[in-house]
Amino acid sequence: MIPEIGHFALWLAAAAALLQAVAPTVGLWRNDAGLQRLAVPAAVAQGLFTALAFAALTWAFVVSDFSVKLVAANSHSMKPDMYRFTGVWANHEGSLLLWVLVMALAGLAIAFTPATLGSRFRDRVLSVQGLVALGFFAFLLLASNPFERLSPAPTEGQGLNPLLQDPGLAFHPPLLYAGYVGLSVAFAFAVGGMLENRVGPAWARATRPWVLGAWALLTLGIALGSYWAYYELGWGGWWFWDPVENAALMPWLAATALLHSLVVVMKRDALRAWTLLLAVAAFSLSMMGTFIVRSGLLTSVHAFAVDPARGLFLVVLMALYIGGALTIYALAAGRVAEGRQFHLVSRESVLVANNLLISAILGVVFLGTLYPMALEAATGTQISVGPPYFNRTTLPLLLAMTALMAVGPFLGWKRSGTGHLAARLLPAGAAAAVFVLVAAWPFGVRGVGWLLGFGAAAWLGAASLSMLLRKGVTLAIAGMALAHLGVAISILGATASGALQREALVALRVGDAVELGPWRAELLDVRPVAGPNWTAIEAQLEVKREGHRGAVLKPQSRMFVAPAQETTESGRAGWRTGELYAVLGKPDGSGRWQVHLWVKPMVRLIWWGGLLMAFGGLLALGGKLRAFAPHKWRRQLARPAQGAA
Amino acid sequence: MRAAAIAFLLLLGGPAAAEPPPPPDVPLADPGLEAKARGVMAELRCLTCQNQSIADSNAGQAQAMRAEVRERIAAGEQPGDVRDFFVERYGDWVSFVPPARQDTALLWLAPLLFLGVGVALVWRRIRR
Numbered sequence: 001m002i003p004e005i006g007h008f009a010l011w012l013a014a015a016a017a018l019l020q021a022v023a024p025t026v027g028l029w030r031n032d033a034g035l036q037r038l039a040v041p042a043a044v045a046q047g048l049f050t051a052l053a054f055a056a057l058t059w060a061f062v063v064s065d066f067s068v069k070l071v072a073a074n075s076h077s078m079k080p081d082m083y084r085f086t087g088v089w090a091n092h093e094g095s096l097l098l099w100v101l102v103m104a105l106a107g108l109a110i111a112f113t114p115a116t117l118g119s120r121f122r123d124r125v126l127s128v129q130g131l132v133a134l135g136f137f138a139f140l141l142l143a144s145n146p147f148e149r150l151s152p153a154p155t156e157g158q159g160l161n162p163l164l165q166d167p168g169l170a171f172h173p174p175l176l177y178a179g180y181v182g183l184s185v186a187f188a189f190a191v192g193g194m195l196e197n198r199v200g201p202a203w204a205r206a207t208r209p210w211v212l213g214a215w216a217l218l219t220l221g222i223a224l225g226s227y228w229a230y231y232e233l234g235w236g237g238w239w240f241w242d243p244v245e246n247a248a249l250m251p252w253l254a255a256t257a258l259l260h261s262l263v264v265v266m267k268r269d270a271l272r273a274w275t276l277l278l279a280v281a282a283f284s285l286s287m288m289g290t291f292i293v294r295s296g297l298l299t300s301v302h303a304f305a306v307d308p309a310r311g312l313f314l315v316v317l318m319a320l321y322i323g324g325a326l327t328i329y330a331l332a333a334g335r336v337a338e339g340r341q342f343h344l345v346s347r348e349s350v351l352v353a354n355n356l357l358i359s360a361i362l363g364v365v366f367l368g369t370l371y372p373m374a375l376e377a378a379t380g381t382q383i384s385v386g387p388p389y390f391n392r393t394t395l396p397l398l399l400a401m402t403a404l405m406a407v408g409p410f411l412g413w414k415r416s417g418t419g420h421l422a423a424r425l426l427p428a429g430a431a432a433a434v435f436v437l438v439a440a441w442p443f444g445v446r447g448v449g450w451l452l453g454f455g456a457a458a459w460l461g462a463a464s465l466s467m468l469l470r471k472g473v474t475l476a477i478a479g480m481a482l483a484h485l486g487v488a489i490s491i492l493g494a495t496a497s498g499a500l501q502r503e504a505l506v507a508l509r510v511g512d513a514v515e516l517g518p519w520r521a522e523l524l525d526v527r528p529v530a531g532p533n534w535t536a537i538e539a540q541l542e543v544k545r546e547g548h549r550g551a552v553l554k555p556q557s558r559m560f561v562a563p564a565q566e567t568t569e570s571g572r573a574g575w576r577t578g579e580l581y582a583v584l585g586k587p588d589g590s591g592r593w594q595v596h597l598w599v600k601p602m603v604r605l606i607w608w609g610g611l612l613m614a615f616g617g618l619l620a621l622g623g624k625l626r627a628f629a630p631h632k633w634r635r636q637l638a639r640p641a642q643g644a645a
Numbered sequence: 001m002r003a004a005a006i007a008f009l010l011l012l013g014g015p016a017a018a019e020p021p022p023p024p025d026v027p028l029a030d031p032g033l034e035a036k037a038r039g040v041m042a043e044l045r046c047l048t049c050q051n052q053s054i055a056d057s058n059a060g061q062a063q064a065m066r067a068e069v070r071e072r073i074a075a076g077e078q079p080g081d082v083r084d085f086f087v088e089r090y091g092d093w094v095s096f097v098p099p100a101r102q103d104t105a106l107l108w109l110a111p112l113l114f115l116g117v118g119v120a121l122v123w124r125r126i127r128r
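Going line by line, the protein sequences match chains A and B.
FYI, the numbering used here numbers position 85 of the first sequence as 85, with every residue one higher than the one before it.
FYI, the numbering used here numbers position 55 of the second sequence as 55, with every residue one higher than the one before it.
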């Protein structure tokens, strides 16, 4: 009964989305205030019914109702409670239901945050949002019904991919989806801005909080996904340039560019058309990301849901939205002038240069991800475009970007002098020199790429810190500086963990030890252990550094019961900001076990940097949201930091 | 004697033991050569997996390929030659480094192309 209620609620939510899309559009066209005003109640109805549908599916998973096909295919009664809950979105249908849920909640948020551009604009945005949501409701109801029943019901489910039975999964997809959907709001603001001819500084001010929020969530989602891949896949890597990773990276890159070009619209009323294009691109890439993951067109470690028919539905949906938005853009382009011009040496020109570099990285990732597929379709030739290509093409661009990121915030708008730059950037230059020398001499790092990485991290880090320590820092500036500092810290983590990594691949008997630089690892024991739905062989590997207390790493080789699948679980221990990381391999038949051991200095900085970026974004968002706060609070908040920029 | 006993047991094992386990990974004694071999492994694709390099894969075939890479590097082959050998045997798909050819020119020129177009567009906007 409850699944049927959920299914019914989903249809009602779709009807509400239809109403939300059509009523305000007709109302605005016919000047019918009554129809226009339906937008907000429709958004409320859509939110409530979608939440009800999601609750119904969650219930089916939590009580393991195997008469629901989706539950039978993806759950198992022995699965731990937490994964029964997170299993709701660890599959195609459920994740789409999560997508529309987040989208409906975003609609509610639009409806109830103060409409700074007026209720007419809010209703326009809601109608665009409703139209986008409608497509996804159609996809759910017509091509991927999550509430489909099975008769007769099986007595047991098929279980969830063991790789997905992990706390990381609880947060990774919802964060990414919340980010994608946040970008759908930016898309709706862009389309609304074009239709209402409101693109300008006020529009940019109203749009930017949504982009900031979406960007921060995407950053968290990607950082978490990278950390999850690092400890769960058990190869010691943290970024694989996998098509699905790229699919999440592309909207993030577009959102990053958008975040910066919106500032130019806000402050100087320039770059309007470019900003609109970025807003359309950011959401289009989000949809493409979902399409890439769900269609199975690209081979990837993430291809959990392979179904080309659904891919086709998504392609049509994407074509409609992107095509529609670009048509409106083409029609409105005459009205949306580029805005003002600017000088070569100015804050906005550096922002433009960074936009250019981000876009070039985005273009390269896009081309590299889709090229093999396009080439195969066109000529039948199969090639692989992997990490070597992406590293060689994007890292030089990233380096150039890092160099500029330190300079930009010290330049003035319009036309900037350069006399003060040398003094302002002195700490950054000194820090970069020190880092490069220290890496090259005591640590013996060779390789220009690694040294440039250390230099870039120090350069940007020191510049961002000195930005933070200046007088009169507003929340917006502090957020920006912290986000930039986060980038520097991530670069440091990536560089140091790569350049200074130590690795040993050895076959050990219990009692054997191996030396790894100043480290010594001893295999204490290998024994069977059992979990709720798996059994495993666990090694106990004591890793010590002279004069320090040792850590015992416990890498496992796990055999899951349902579905029957073998996984390796890495054994890890922290060491300062780095990690000791071990993977247990196979026995060689004569009592020795293969052990793969890494020492990765500063590797955790990669994700700490990601967290800091997201925090910076949220801090800047806090600066924006203060504008909505009642006067009494605002006066209190204004005291520590003078007025948000 | 013991070897004979094991051989006998293997025979008894019959079909169950028909597939001998692939040789475990033994790193090359020379760390310089081993590093070279690792470099090649990271750039070769595991053919039976989903988008993993043979360095990252637990699959049997990947392990056999790793052994082959080490053998060739130990015999004095250059990393490029080893990669070419695998490309010859399995096709371009096995290499994560796309080939530099006419049909991949766009791919390799992409960064310069995107930057060039962007700079040209921006240059017109800047007031001199």
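If you're looking for bench data, these hints aren't it; they were derived computationally from the structure.
Source: prediction; values computed, not measured.
Treat the hints with care, since some could be wrong.
[As the list claims (entries may be wrong)] Okay, derived cross-link-like pairs now, DSBU-like style, lysine-lysine, Cα gap no bigger than 30 Å in a straight line:
hint, chain 1, residue 1, chain 2, residue 2
1, A, Lys554, A, Lys544
2, A, Lys414, A, Lys471
3, A, Lys586, A, Lys544
4, B, Lys36, A, Lys544
5, B, Lys36, A, Lys586
6, A, Lys267, A, Lys414
Structure-based check of all given hints:
{"no.": "1", "hint": "Lys554(A) x Lys544(A)", "result": "holds, 14 Å"}
{"no.": "2", "hint": "Lys414(A) x Lys471(A)", "result": "holds, 22 Å"}
{"no.": "3", "hint": "Lys586(A) x Lys544(A)", "result": "holds, 24 Å"}
{"no.": "4", "hint": "Lys36(B) x Lys544(A)", "result": "holds, 28 Å"}
{"no.": "5", "hint": "Lys36(B) x Lys586(A)", "result": "holds, 24 Å"}
{"no.": "6", "hint": "Lys267(A) x Lys414(A)", "result": "holds, 10 Å"}
Comparing the model with each numbered hint stated earlier shows that all of them hold.
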